[in-house]
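Asker: Just so you know, the sequences run in chain order Y and W.
For reference, each letter of the first sequence is one residue, going 100 to 354 in my numbering.
For reference, each letter of the second sequence is one residue, going 34 to 127 in my numbering.
By construction, these hints were calculated from the structure, which means they are not laboratory data.
Computed from a predicted model, the values in this text were never measured in an experiment.
Ideal placement from N, C-alpha and C gives every residue a C-beta, glycine not left out.
One or more of the hints may lead you astray.
[Said to hold, decoys possible] Restraint ranges, calculated between C-beta atoms of paired labels, are given here: (1) 198(Y) - 87(W): 48 to 54 Å; (2) 329(Y) - 98(W): 34 to 40 Å; (3) 44(W) - 128(Y): 29 to 35 Å.
[To be verified] Rough simulated footprint, nothing fancy, chain Y against chain W, three-plus residues with beta-carbon under 8 Å: (4) 56-64; (5) 67-76; (6) 80-91.
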Amino acid sequence: MVQYIKTAQMACLEKANEGILSFLPDIILKISTLIPLIFLWRAVMSSGVDVGISMNQMLSYAYVSALLSDMMVVKTAATGWLSEGVFMRLYGRPLPVLGQLVSQTIGEWLPTLALFSLPMALISPLIGVSLKPVSAWFFVSLILCISLGFSIDILFACLSIRLRNMNWLISRIRAAIVALLSGTIIPIRLLPSGIREVMKYQPFACLGGAPLSLFVGTADPCGILWLQATWNIILWPVTLFVFKKSQEGMVSYGG
Amino acid sequence: MNLYAISAKMDLAWLLRDTKYALAAVLSDTISNLSVISGVYLIALRFGGIGGMSVDEVLFMMAYSTITTGIFILFGSGNNLHISWNICSCSRSH
Chain Y
100 MVQYIKTAQM ACLEKANEGI LSFLPDIILK ISTLIPLIFL WRAVMSSGVD VGISMNQMLS
160 YAYVSALLSD MMVVKTAATG WLSEGVFMRL YGRPLPVLGQ LVSQTIGEWL PTLALFSLPM
220 ALISPLIGVS LKPVSAWFFV SLILCISLGF SIDILFACLS IRLRNMNWLI SRIRAAIVAL
280 LSGTIIPIRL LPSGIREVMK YQPFACLGGA PLSLFVGTAD PCGILWLQAT WNIILWPVTL
340 FVFKKSQEGM VSYGG
Chain W
34 MNLYAISAKM DLAWLLRDTK YALAAVLSDT ISNLSVISGV YLIALRFGGI GGMSVDEVLF
94 MMAYSTITTG IFILFGSGNN LHISWNICSC SRSH
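In isolation and in its complexed conformation, chain Y is listed as follows (with noise of 0.2 Å):
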């Protein structure tokens, strides 16, 4: 368990070795982006249709979704195995693959969290917005999203491994099946009646739409944290098989 811990802290140093100052932009981009969203979901929410979430909810859905935004759909260094070169960091040490991935993974949330999501949590009753979670599920929900957003990730990378070069646009394509689906951006309950009902089964909506939910009080944590186990169990055997199987495929600058 120590090298994990020191592979996620290893991790943080290395996000944070240029200082503090250079995670400024990020931070100003994230927060440039964060208020203005509040006052659209103001502005969508009071035109007074009623959706099954009041104001104040979707508020706190749209703010915490910003602040864990890493959480709610994990996005690991897999994604860049062969232009990046981080195989060859990975395979290098002698550790599990997966386990690094995952520290390493954990070890990179945490300048974000420490210098954009802590502060912006602490002004948020300035904002006026609640982030206490109307449901203690949430956290357990949150553990299973994570989990099931690894196993996403790696299935993702797998896919790049096999595609060769096409990282770009498998991320294009990922990043816009994630949007869609995974009710971090909006909430699976805000679509119309049809197309909600058939999305909250897929896979993705167990990523950050499921925690949000439970979060605001507006799904039942007993089908909610059932869908996310399930979906755990269906794709981590598959996750690890193809896996498995894709580290085989690993070409990079021709070797």
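Based on these hints, arrange chain W on the given structure of chain Y.
Answerer: Positioned in the frame of chain Y, the structure of chain W alone reads:
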């Protein structure tokens, strides 16, 4: 003008150099644009419009934005319009 024509021809050849790659590129663009449009459109549909605009007006805005982005990409493929990216990333990589 001939140089521009040659450049356009080279870009097309680059896209069509491999069937699998060309299909993936078209698919990725289609999915990406559909995702952007459909998200906002579905919200507009549910709320009967956004910010005083009707559903049709929102759809028109999304289409207009897609066309504008398309024109931008048409003349900016290969990071032609992202000078800093070319100078920084490419010079560092090569």
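Asker: Now tell me, hint by hint, if it's right for this structure.
Answerer: Okay, the hints, checked on the actual structure:
{"no.": "1", "hint": "198(Y) - 87(W): 48 to 54 Å", "in the structure": "holds (53 Å)"}
{"no.": "2", "hint": "329(Y) - 98(W): 34 to 40 Å", "in the structure": "holds (38 Å)"}
{"no.": "3", "hint": "44(W) - 128(Y): 29 to 35 Å", "in the structure": "holds (30 Å)"}
{"no.": "4", "hint": "56-64", "in the structure": "holds (count 6)"}
{"no.": "5", "hint": "67-76", "in the structure": "holds (count 7)"}
{"no.": "6", "hint": "80-91", "in the structure": "holds (count 5)"}
Of the numbered hints given earlier, the model fails none.
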